[in-house]
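Spelled out from the first residue to the last, the chains are:
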Amino acid sequence: MSSIEDYISKYKKTGDRKWFALIYEQTMPRIYRYFYFKTMQKELSEDLTSEVFLRVYINLKNTSLDGKAFISWIYRIAHNLLVDHFRKENKAGQPAREFSDNTRVSDEEVLKQESSYLKKELDLQRPELLSAIDTLTGLQKDVIMLRFVEDMDYTAIAGIFGKNRGTIRGIVFRAVEKIRKEMNRSDG
Amino acid sequence: MDRKTQRIIDRCHKLLENGFSLDECLERFSSFDREIKDYFSIAEDIKKLKKLSPSKEFTKNSLESIISRAGSRDAPEKIAPAEVSPRRLILRPAMIFMAFIVISVFSFAGTLFASQESMPGETLYPLKRSFEQFQLNIYPESLKGGLHLRFLGNRIQEAEILLAAENDIDPSLIDELIVEMDRQYWSCSQYDCMDAVHEDDILDSIDSIKNRYRSRYGKEAGPDSSTGHYDMGRNGKEKDSLNGGGTGQGKGNGGQGGGN
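Protein chains in written order, with this note's numbering: chain A, 1 to 188; chain B, 189 to 448.
Treat the hints as calculated values from the structure; they're not laboratory data. Every residue gets a Cβ at the ideal spot worked out from N, C-alpha and C, and that includes glycine. Keep in mind that a hint or two might mislead.
Using 25 Å as the maximum straight-line C-alpha spacing, the simulated DSS-like pairs for lysine-lysine come out as follows [as the list claims (entries may be wrong)]: (1) Lys244/B with Lys181/A; (2) Lys88/A with Lys13/A; (3) Lys181/A with Lys225/B; (4) Lys42/A with Lys238/B; (5) Lys244/B with Lys18/A.
Calculated Cβ distances over 10 Å to all of chain A for the following chain B residues [said to hold, decoys possible]: (6) Asn206; (7) Asp226; (8) Ile230; (9) Lys235; (10) Ala258; (11) Thr299; (12) Met307; (13) Glu320; (14) Leu335; (15) Ala353; (16) Val385; (17) Lys407.
Bound-form chain B, shown alone (with noise of 0.2 Å):
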């Protein structure tokens, strides 16, 4: 049967469907009588199975057997409950509790991991900070000298990174800085912690740093004299050693007079 035959069964199905008889669908393609006669004949015939019914007695009980079927298929599932074995009832919260563990401590380790790089004004630096407090809590007298140092180097180069920024950098966070590097520097000469030359090295660091921020923003660091606030850098050292009777020269002033 080819194609232009189909289309005009389909023609005839469509006539047929709004109400033509098969002649009046005949008449208008009576160039296909043969084609369309013989596919609504067989059509027609097919059609005949839908006499084909099932048994009566099948018609008139089987709905109710097929509701009680259902009812029995239904009751076990609903009465039994799955069997759960004690050991298992007792495994499967403990391994979600470990699961739970390891993974907080492996998210913990990551973070602190990632705090260590962080710098001031960053999310994590306070987990930083709050980190090395937590080493000086645990260490023992006789490392805590090492670590005082090791904390003033990372606020060194803290303070060196957001001097050297191009961007405008809080000058809060700077100050804090410089507050903590006084204060670390203290504790540090507390455990003697470093030697002659290294002190040298760590003070002009110190100092360079607060004259570039006295310089960048017309202030100087920290809470000022007044206030109580304790200066350990070389001026302060200076200072100290003023009071104390001391040589009372030095590399002073920001360490300008180093050389004189």
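Looking at chain A on its own, in the form it has when it is part of the complex (with noise of 0.2 Å):
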């Protein structure tokens, strides 16, 4: 089975657009899970992908990218477009979600609208989870997604934030005893 890296190698080469295609099949939903977890809102979500993947089309033949420091780039991406969508929201008045490693983006509001489709749609078990993901802070949020959802290593995720390995380690470990509390909090 070709990896993404042969895509991106063959795409490089040839410009044929169905090599980006694939590219495009392979990373496309864990960049829309990416902001669909930091927003709960589809159509958001949506048009941020579409973003994402704009700039990846223009700039990709530019960069000597391998697989791995593909999907950094493209998190690293994802993640700028996210802070600078928050940044115009305010500047336009919207109610402030601030956004920064140490601020939550989604709101109570957003969460209740969005929990009860996202309880039907990921069948789980205790529903209390979304509740207590949104307690985080918006980096323990990105970190516990790319650690579990995506299923990334403590050194890849470091390498998108720009942080060491142990402070990333740290903040899974942090972010699921918080979770871990507040679900125990709801039950009790």
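Mind assembling these two chains? They're in different frames, but the hints should get you there.
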């Protein structure tokens, strides 16, 4: 089975769109999930996903990325785009949902709207998981999502956020501990 | 969660990656049973988010839309060249040319200034001599005598420095200076550039240099007399005087007989 590395190399060599389509097919759902996890809004996540791949399409040929570096690069684009999005939203007078490494990005209202859809869609055994995740900071959410949903190792995640491996490992354990406590409180 | 628990969980992660089951991990680290279960139960729940996917419509159409948007975003950049005003088109080369001229002039002036302190055998010395020649070409006749006198002074000073040097000096350098001294002295005298006292001092210096050259290198400076070299030192002046029926006595012989 061909890997994303092969697709990238073939696309850069030939410029044939069919290779870009395969890259897109493999990576687009991951980026969509990243945005959805952060915004809890389907349409916004789709728009932002499109914008990420537009940038990838324009710039990929001029890069010297292999498979792993490509994944880090694409998540960095997504992360930066989300930061820009929330900055613009704040400037436009939307309710303040400041985005930084230490702030939450989804709010109660949005979460309520989406939770029933998620419970049904994801078949969660413990629906309170979503509320617990929502108590995490922006960076904790990013890291948790990349670690458990996208199965990325600490080193790869560290590369995306420009932090060291130990820091990312610490963030994962603190986030899981926080989720556990939140869920126990809900149970209690 | 303490550090030890974190390490155990990391080891469980490794075991799972290597094909072991969670039960095997729990068995191996039974004292951490509750912590491991809690952690992996939360991790499994979060993993369910993998099921999240964009709408079918988005999945179907988004790539085409991205490619067409990319085309329209590229187009203006390729078609519209950066506009440059005509004034700027003219000014830019003119400014580059002016900068080039200014830099060249300053560089040359700096080099010329530095060359004035140079000595025979050094890289900049030919420039110093060329500049002297240039001055002789452009100065009016009334000032040329003064220039010859100054250049004569320069040659005497250079020869004195070379002769005083303790390390080995190429004799041809001093030889060439002596020839040049004679030439400058002769040219200077054509313009009546010095009074008698001044002239005596200069002739003393020239003779002293020639004598030291002779005693150090065991030969006369410049081409020998048979080749037509003119000797404008005191000895030469005496020769001229003798030829012309003059007194014939003097401080000649390298200034040795000045007191007689």
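Evaluated hints:
1. At roughly 36 Å between alpha-carbon atoms, Lys244/B and Lys181/A are farther apart than 25 Å, so this suggested pair is violated.
2. For the given pair, Lys88/A sits about 37 Å from Lys13/A by alpha-carbon distance, which is inconsistent with the 25 Å threshold.
3. For the given pair, Lys181/A sits about 14 Å from Lys225/B by alpha-carbon distance, which is consistent with the 25 Å threshold.
4. Annotation: proposed proximity of Lys42/A to Lys238/B holds, straight-line Cα distance about 15 Å (limit 25 Å).
5. Note on Lys244/B and Lys18/A: the hinted pairing holds, with a Cα-Cα distance of about 20 Å set against a maximum of 25 Å.
6. Non-interface status of Asn206/B relative to chain A is upheld: no Cβ of that chain comes within 10 Å, the nearest being about 14 Å off.
7. Not every beta carbon of chain A lies more than 10 Å from that of Asp226/B, the smallest distance being close to 5 Å; the non-interface claim is violated.
8. Taking the minimum C-beta to C-beta distance to chain A, about 5 Å, the non-interface status of Ile230/B is violated against the 10 Å cut.
9. Residue-level check failed: Lys235/B sits 5 Å from the nearest beta carbon of chain A, not beyond 10 Å.
10. At roughly 5 Å, the least C-beta separation between Ala258/B and chain A is not larger than 10 Å, which violates its mark as non-interface.
11. Residue placement check: Thr299/B keeps its beta carbon more than 10 Å from all beta carbons of chain A (closest about 46 Å).
12. Annotated as non-interface, Met307/B keeps its C-beta farther than 10 Å from every C-beta of chain A; the closest such distance is 57 Å.
13. For Glu320/B, the condition that its CB be more than 10 Å from all CB atoms of chain A holds, with the nearest at approximately 60 Å.
14. Listed as outside the interface, Leu335/B is consistent with that label: its C-beta sits roughly 66 Å from the nearest C-beta of chain A, beyond the 10 Å cut-off.
15. For Ala353/B, the shortest C-beta to C-beta distance to chain A comes to about 61 Å, beyond the 10 Å cut-off, and the non-interface label holds.
16. Every beta carbon of chain A lies more than 10 Å from that of Val385/B, the smallest distance being close to 83 Å; the non-interface claim holds.
17. Non-interface status of Lys407/B relative to chain A is upheld: no Cβ of that chain comes within 10 Å, the nearest being about 73 Å off.
Consistency note: the structure conflicts with the earlier hints numbered 1, 2, 7, 8, 9 and 10.
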